[in-house]
Structures are given as structure tokens and as C-alpha cells.
Amino acid sequence: MVKNLIICDDEPHILRAAELKFQRAGFTVRCAQDGQEAWELILAGHPDLVITDCQMPRMTGIQLAQLIHDTPETTRIPVIMLTGKGFELSHEELRRRFNILAVLNKPFSPRDLLRKVESLLGIDCAPTETQAAIRAT
-6 MVKNLIICDD EPHILRAAEL KFQRAGFTVR CAQDGQEAWE LILAGHPDLV
44 ITDCQMPRMT GIQLAQLIHD TPETTRIPVI MLTGKGFELS HEELRRRFNI
94 LAVLNKPFSP RDLLRKVESL LGIDCAPTET QAAIRAT
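Residue numbers -6 to 130, in this note's numbering, belong to the letters of the sequence shown in order.
Since the hints were made in silico from the structure, they are not lab data.
The C-beta atom is built at its ideal place from N, Cα and C for all residues, glycine as well.
Be careful, since some hints might not be right.
What the hints assert, rightly or not - Calculated cross-link-like contacts (lysine to any residue; reagent style SDA-like; alpha-carbon spacing at most 25 Å):
#1 Lys109 - Asn(-3)
#2 Lys99 - Arg51
#3 Lys(-4) - Phe91
#4 Lys(-4) - Arg88
#5 Lys99 - Thr64
#6 Lys99 - Gln59
#7 Lys(-4) - Leu114
#8 Lys(-4) - His62
#9 Lys109 - Asn92
#10 Lys109 - Ala10
#11 Lys109 - Asp3
#12 Lys99 - Ile7
#13 Lys(-4) - Asp105
#14 Lys99 - Pro65
#15 Lys(-4) - Val96
#16 Lys109 - Asn98
#17 Lys109 - Cys24
#18 Lys(-4) - Cys24
#19 Lys(-4) - Ser112
#20 Lys(-4) - Asn92
#21 Lys(-4) - Glu33
#22 Lys99 - Ala37
#23 Lys(-4) - Phe101
#24 Lys99 - His6
#25 Lys109 - Phe91
What the hints assert, rightly or not - Estimated spans, in silico, between C-beta atoms of each pair:
#26 Gly19 - Phe101: 14 to 22 Å
#27 Arg51 - Arg108: 13 to 21 Å
#28 Asn98 - Pro50: 28 to 36 Å
#29 Pro50 - Ser112: 16 to 24 Å
#30 Pro5 - Pro65: 27 to 35 Å
#31 Thr53 - Gly19: 28 to 36 Å
#32 Arg108 - Arg88: 17 to 25 Å
#33 Arg69 - Thr21: 25 to 33 Å
#34 Ser102 - Ala37: 25 to 33 Å
#35 Arg17 - Glu85: 27 to 35 Å
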């Protein structure tokens, strides 16, 4: 089953690296450069998971996660938060208040992010030879 993701980050190189990693692993990926654009994508087609940067223009990742959590149609969508080094977030509070299931500090490994998403979505992480070759890239 193909899994649908929304990746939201205002840094184009991070957005592109994550997008390529997930596409190569078989995910359908839609990208947004800020929280407002991500929210519009979420409403257009509910994703299985949202990955968002914390600090962005127009709507922050925290504001986006709160909107996802507070809207009945989207409340069950899990969120992974990406955050810049030095910006401390309480993981337990984020999980309880906004359904943010993981927080990863930048810089992060796209491979580690892929593994985290697979784990959270219950996808078998035991790679086939083809998947192993894709993940190594």
C-alpha cells in the first residue's frame, strides 16, 4: 500500500532531499514551503503523516500541528517535527498536545527520517535487496 506524506520546510535543499528519499522508497510525497501551504495540501487530500519544520514563515510547524490536532477531520494524522539546532522542544508535551510523535534535530539524516516514518506507520523495515539499494542512496 502506497503511503502519502506531506513534507513542509522553508529550506528548499532539505525539502528536496527528503522528497527524493521518500519517493525512492515508494511514498507519494507532496511538498510545502510553509505551514499555510501544507494545511491547504492536508485539506485537499488527507496524508498518512506530516513532516514539518518548526520555524517557518506564515504558519509555524507548531501552529500547523495544532490546527491538524484541533480539526476533527485531521486530528488522527500523526506529525513529525523537524527543528533547528538549539531550539529545544518538550517531546512529551508536543505528543500530548498536538500528536507530534517524533522530533528530529537538524541536521538530520534522510535515511534516519525514512526509518522513523516507516516505524511510525508500521511499515516493514526489513529491506529487500532493492529497498536496501534505494535506502543506501
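Restraint status (C-alpha distance of Lys109 to Asn98 at most 25 Å): holds, 13 Å
Restraint check for Lys(-4) with Val96, where alpha carbons must lie at most 25 Å apart: holds, 20 Å
Lys109 and Asn92: Cα distance at most 25 Å? holds, 15 Å
Has the given pair, Lys99 with His6, been kept, meaning a C-alpha gap of at most 25 Å? holds, 12 Å
Assuming the hint says 14 to 22 Å, is it satisfied by the Cβ distance from Gly19 to Phe101 or not? holds, 20 Å
Take the C-alpha atoms of Lys99 and Thr64, compute the straight-line distance between them, and say whether it is at most 25 Å. Violated. Lys99 to Thr64 sits at ~28 Å, over the 25 Å cutoff.
Could you tell me whether the CB distance from Arg51 to Arg108 stays inside 13 to 21 Å? Violated: the Cβ-Cβ distance is about 30 Å, outside 13 to 21 Å.
Is it true that the C-beta distance of Arg108 to Arg88 lies inside 17 to 25 Å, as the hint says? Given about 19 Å between the Cβ atoms, the range holds.
Status of the given 28 to 36 Å range, CB of Pro50 versus CB of Asn98: violated, 21 Å
Supplied distance hint 25 to 33 Å, evaluated on CB atoms of Arg69 and Thr21: With a Cβ separation near 18 Å, Arg69 and Thr21 fall outside 25 to 33 Å, so the hint is violated.
Confirm or reject the claim that Arg17 and Glu85 have a C-beta distance inside 27 to 35 Å. holds, 33 Å
Hint check: Lys99 vs Pro65, CA-CA at most 25 Å. Holds or violated? Answer violated: Lys99 to Pro65 is near 31 Å, above 25 Å.
Of the hints listed earlier, those the structure fails to meet are numbers 5, 14, 22, 27, 28, 29 and 33, in rising order.
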